[in-house]
Amino acid sequence: MFTGIDIGGTNTDIAVIRNNNIETEKISNEKGISSAFSKIHSGGKIAFSTSQPLNRLMVRSAGEICIITIPGPGLRREGAVKGAVTIRGDVAEDIDPDEIKQIFGETSAEYLAIAGKFSTRNPVLEERVHEVALDYFCDDRIALSHFIGEIGFPSRIATTIINAQLKEVTLGIAEIIGSYIPEQDFFFMKSDGGLTSPDMIFKNPSELYSSSQAAVVLGAKYLTGIDDALVMDIGGTTTDFIPMKNGLPEKTMVDVGGGRTDIKGIRALSLPFGGDSIVEDGLLPFREGVSLAFGGKFRTFTDALNVCGYEIGNFRSSGVIDREISEIVLNSYLDEVSKAISVFSPNLIIGTGYLAPVLMPEISAITGIRISVPEHAESANAVGVAVSRVSLSMKVHYDSEKKKLSINGELRQPPGKLTDEELIEFCAAELRKTALGLGSPPEDCEDIEIQSFRAYDVVRERAGTGRIVDLCISILPGISAEAP
Amino acid sequence: MRTGIVYHTDYLLHEQRPKHPERRERIAYTLDLLDEEEIWEEPGIKKIEPRMATEDEVLAAHNEVYFNYLTGIDKKGADIDINTYGPPGFLKGALLSAGGAVCAAEAVFSREVRNAFALVRPPGHHAGRSFGGGFCYLNNVAIMVRAVQNSGYKRVMIIDWDAHHGNGTEDIFYEDPDVLYTSVHQSSLFPGTGPVKDAGYGEGKGLNINMPVPPGSSDNVYRYLMEEVIIPAGEEFRPDFIAISAGQDNHFTDPLTSLALTARGYADMMSEAVALSDKLCNGRLTAVLEGGYGVEGALPYVNLAIIASLAGLDLSGIREPASYEPLLRYEVNDKALEITKKMVSKLKKVHSDYWNFI
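Quick mapping for you: the protein sequence lines, in order, are chains A and B.
Note that this note's numbering numbers the first sequence so that position 450 is 469, with each residue one more than the last.
Note that this note's numbering numbers the second sequence so that position 36 is 38, with each residue one more than the last.
To be clear, the hints were calculated from the coordinates, so they are not data collected in a lab.
Just to be clear, a hint being listed does not mean it is correct.
Simulated crosslink set (DSS-like; lysine-lysine; CA at most 25 Å straight-line) [as the list claims (entries may be wrong)]: (1) 423/A - 21/B; (2) 350/B - 207/B; (3) 350/B - 436/A.
Label-pair ranges, simulated between beta-carbon atoms [what the hints assert, rightly or not]: (4) 468/A - 240/B: 57 to 63 Å; (5) 66/B - 420/A: 44 to 50 Å; (6) 113/B - 432/A: 50 to 56 Å; (7) 432/A - 19/B: 29 to 35 Å; (8) 240/B - 440/A: 58 to 64 Å; (9) 116/A - 318/B: 20 to 26 Å.
Bear in mind that the values here come from a model prediction, so they are computed numbers and not experimental data.
Using N, Cα and C, we set each Cβ at its ideal position, and we do this for glycine too.
Construct the complete structure from the given sequences, taking the supplied hints into account.
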């Protein structure tokens, strides 16, 4: 049994795949998230996607977040304290605990971000600051940067500031989930469309960003078998256009508050109009609640569609909207949609979301582009979460001279002196072992790719004494081989 | 306006022999640091793609016999001097290094950038009109200076602060009335040239200013020479362009030299050079990497200090880590400033006929 749950801004979608049979359910968040979770049954694989922690993040003022950076010699950074880790991962200068205590004693901040230069090669100084911090801050509000790889120090600082604010919310979501499915392991979906363990998400909760959009793409791929198309997801609040390439979304980097971060977004375009968008004299770009057609109190785009002749929900309840206004609203929506589609010049559009069966034929007629609306399109997001597989990345720094091996910012004992090929083989085996440990079937661990590789020799007194390797190796996201 | 950094991954390809001090890690470690600092994302930084120097550009600085010699040995490789081997195919890397320096200056003159740093290798300042050596094949700075002169800007000031005397650069411009060559170098170090008395020849007389300094010379010595000699000479010479042979081997951790400059000392020296270029030639300044062999220790953050100064970034974080302090105290020679002052007195006697500031 595969269960996928996408916690969106308006609804929570649940998909259960059992014996080639897909059951989906959409539950309004107005009924409370517990109402949705109570419908989840233990057993099989359970995975969640949600972009909500980051979407709801209010970037806090400087006074609310304490930032400790350990830049050592180099460019000036906000929150800099004593301490330095060298390029080789050696501690060239220790932190001064008294300096740190003084900063913590004087701040009224409730969140703490700790980021050191080259901490991905040796996290010890970040960990020493963390030890001091536990006397001043709640651990749920402290984030460390060394778990975040493949980006530079400034981006790690920016991402750690975000993570400090997300960690508590993410832990809270996991706790609620855990209370409904006790003793059951579950996964979170990341923005790359792959699944990972809650523990890995707590170390870098920003990975949840865009996971709902990624889920839609995986679901569209699974339900249609198509690899390349534009996925158009018509939700309650927004309409998202997400290009799908080889069955996956395309990644982009995200700026938050003007700073580059590790937060991976998805190439997508979003219109602020969905089925619950308010209708007055025209279509308004916000949502206040459920449509008249679904027992709510608000005149929405869904109600306008019913006035235009569609039969969605309890369509007779929608009749209070003026016919002329309804037609204006529909035409303006279709006009905006056509413009958005033209940005991507697709050959095929896969429609998802609960209005897709209604609106996609109309959109095809206007644009002349082929469409596909698969069965269960209304909960493609939850289906995508259910069928996705575990994806993992290892950011590796290996220094054979110093016998140091750092994997995702954590120091490990290297198994002897390794050649480049042996190191890659070792890391690939570790990746597989971790994925299998998380419950991946062996078939899901075969698609391993080297994302980057850089190496050079260490020379002392004109003699080669070692080799330094930076490697990023991944199990790629995709549909699980076990999915029916 | 931004600061340009010339760089290409092909600068990592050249290798005389795998264990040679002038090896690819010289730049690899620096790049590691620049990536960690995300220097390429800084709004004040622009990456510039290099090209290979043309034969005409090379022949403006080197003679044809020497260039033909290099071309001849390029196929099979040959030893150029006891420290310098030209491996097969080395010339491509040398031309890309020289071309990188030319591109840096071109970007400055087209106002694409305010100033630039050519993060290139192999280095060049030991290569003269008809000779190579000291890890150098083509003189990157000289080829760049000739390209600048040929574009119509005749008067060029070269500040060479590599720990080793730039005998090649001196050789190329020794008689040039439009090029002021100033060199601060450790006395009695390779190549053994660069005494105060070598002041230029013919129309170039007085335009070759050699400042040998004793081992252990630190920030105060370099600051003194900037204030006492280099800046006044520049102000009197009034160049159209300032070129810096930026050897980072006078840092106190460098394994091949015995000087004691700190990263902050470098940053301040470069800031003064930038201020001088602002005052004299609309900020037109290009630094070209020469030596620097403390590859994993200080070279990366010294190069970062140079870039930060060129770009006018906050220098308050440019410092040494605590664990280096005992070594710095050991390396600094307290008498170096006194010895240097005596050297400057001698220099003033040698140059008194050519300069008003003396």
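Hint numbers not upheld by this structure, sorted from lowest to highest: Of the numbered hints, just 3 does not hold.
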